[in-house]
Amino acid sequence: MATEAVVERRSAGHRLAGFFHGRRRLQISGLLAGPLGWLVVGYLGSLAVLLIAAFWTVDPLSGEVIRGLSFENFETLFNEPVYREIVWRTVRIAALVTVTDAILAFPIAFYMAKVASRRGKAILIVAVLLPLWSSYLVKVYAWRTMLSAGGVINWALAPFGLEGPGFGGTAVWLVMSYLWLPYMILPIYAGLERIPNSLISASEDLGASPFTTFRRVILPLSFPAVVAGSIFTFALTLGDYITPRLVSNDQFIGNVIFNNISNNLPLASALALVPIVVMIAYLMVARKLGAFEHI
Amino acid sequence: MKKHPNPARTAWLIAAGLVSIMLLLAGCGSSSSNSTSGEELQKVGKGEGALSLISWAGYVEEPWTKPFEEKTGCKVSDKVAGTSDEMVTLMRSGQYDGVSASGNATARLVDAGNVDPVNVNLVPNYKTIFSDLKSQPYNTFDGVHYGIPHGRGANLLMWNSEDVKPAPTSWNVMFDPKVAAKYKGKISAYDDPIYIADAAVYLKAHQPELGIENPYELNEEQFEAAVNLLKEQRANVGEYWSDAAKQISAFAGGDDALGTTWQYQYFALKGEGHPVAASPASQGFLPSEGATGWSDTWMISSEAKHPNCMYMWMNWIVSPKVNAEVAEFFGEAPAQTLACEHTENKNFCNEYHAENPGFWKRVYYWETPLSECGNGSSDCKNYNDWVQAWTSIKG
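If you're matching them up, the sequences are chains P and F in order.
Going by our numbering, the first residue of the first sequence is number -9, and it counts up by one from there.
Going by our numbering, the first residue of the second sequence is number 1351, and it counts up by one from there.
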């Protein structure tokens, strides 16, 4: 009896397999239907709604949303200097954080990929990933405590007659650079891992100094990885609004979106398009620089 | 053929697909937003076993939620909001049963149909609530009750008594640029558009030629003056705060020494032994100009999943003993007349002027700024203008 049932079940599975056999298109669409459906409906769909809402307006008297085509929100964004300044500040800090993280991450990633022993490598990877296991808010509040007037940074600098940066733009830059550093280290590490050691030996054999090897061999080969990492750090900084709120008085694009979302959704939507446009431009430059060649 | 798909054609197909989804979703959006607000409850039934609330910090605390849970079986989960804007945004998500809304949120929630009328006959403790809190413009609309008053108070001027001497008696320490410059970088201001009203209260006393009557009804000229005052203040502000925890940490860490606050932060800092002081009880906690304040209302969401529990909560929070407890914990005047017999400090209601309607004339409860001014003209700045101005003040 038991064997018969097994045979029975297997044949059902076989029949299903037989149905799909040879129908390659059906196989692929069956496999992708779920994730693709989510991507298109849940993800791109909500973006599309956002885009539409940016063209609506709010009735100044009742505060109700008027559904119709209008460029009022975009005019406000262009004409009010405060919005230009906020966008410029956000992009500037995002670029600064990206450069900082690239400079900090490269030596760490290089050590991990090319110098460290197998054991050392494992320890370093855990050390890089460890901060990602704790809550974002806890990390920002920890920095808030460290940066405060009576905090550990001022305490450590006091013997040298120096003072910490306190809360403000510098604090935002420091905290963001800390928060997003792992997202820069990991892609660079992966990129460096892929460079065969034989290339470095060959460069040496041909008489290149370590500096020349770095400049002519390692850097060009790992550059796409740096660009890939920079996409993370840049985009994450661009979209953050909690860090600026906790360690400074500066408004980022996200803060203004947050402030407008309950009473002027169209303006918030129009503002939300700004980082999207900036990111598209950034990704196009990144593509030119070869960040997606190995994906 | 199949080996060389036409990329342009594929792109067009994707674009067409996206547009159709867009239209579909936009259609869904408009149909759901047309829903009208529901009817008030006629009878409180059995509890649904759960209750999710949005509240100000210090309003929903274990000492009075635990006995509520034991009595009704409604398990309370609470989300603390820092500003009225946050409350409105959270309420519009439709995931909460009720909110302790201030006057600058109530009208917006009612207008958008996010809250339902409250049948006050189902809240027995409503009868004995102070009469000057009932049927107010921020809790009753067109004669329909939209909530149960929770309590009231004034926003405080708090300072670090070691850094700020002598003890200030006026808001000028924050708003007069010359005086405030003494505390440059140490001033803590509330991060919300409604804070413009604090500047208006100051101007009402110090620039009477502007003719400010109600700090929430400002015409172009008055509004401009208040906004400019806040732009000048910005240079001296150490931090803008919108959550209580952030301000507590700023005062505890010595970053800020002077600022606008709520009783909650003041008592929390005092409890931890920090040298903070606020306008004394003998002045009714008010600086000479008076102050902005709040009169909060428990409202029920029009999408409440646990309406019975919410009604039980609204009755519970204004029951004499609990209302006394929450008022003393937070540091505000209770809404319930009978609460005064239950306070631990027997002089509490006296100190907080709970039974003295004349006192509250100098406290300007938060309201939603509307285009219609009280005097019949409609050239006042509305809340949207306030939000835009707040963005430009912070820069």
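For the record, the hints were derived by calculation from the structure and aren't laboratory data.
We treat Cβ as the ideally placed atom computed from N, Cα and C, and that holds for glycine.
Some hints could be false.
Here are the simulated DSS-like pairs of lysine-lysine, each with C-alpha atoms no more than 27 Å apart in a straight line [claimed, not checked]:
| hint | chain 1 | residue 1 | chain 2 | residue 2 |
| --- | --- | --- | --- | --- |
| 1 | P | 129 | F | 1596 |
| 2 | F | 1416 | F | 1620 |
| 3 | P | 129 | F | 1429 |
| 4 | F | 1596 | F | 1581 |
| 5 | F | 1429 | F | 1655 |
| 6 | F | 1515 | F | 1528 |
Covered by chain P, per the in silico footprint, the following chain F stretches (three or more residues, Cβ under 8 Å) [what the hints assert, rightly or not]:
| hint | segment |
| --- | --- |
| 7 | 1587 to 1593 |
| 8 | 1603 to 1613 |
Status of each hint after checking the structure:
no.	hint	result
1	P:129 / F:1596	holds, 14 Å
2	F:1416 / F:1620	holds, 26 Å
3	P:129 / F:1429	holds, 21 Å
4	F:1596 / F:1581	holds, 22 Å
5	F:1429 / F:1655	holds, 16 Å
6	F:1515 / F:1528	holds, 16 Å
7	1587 to 1593	holds (count 5)
8	1603 to 1613	holds (count 3)
The structure meets every hint from the earlier list without exception.
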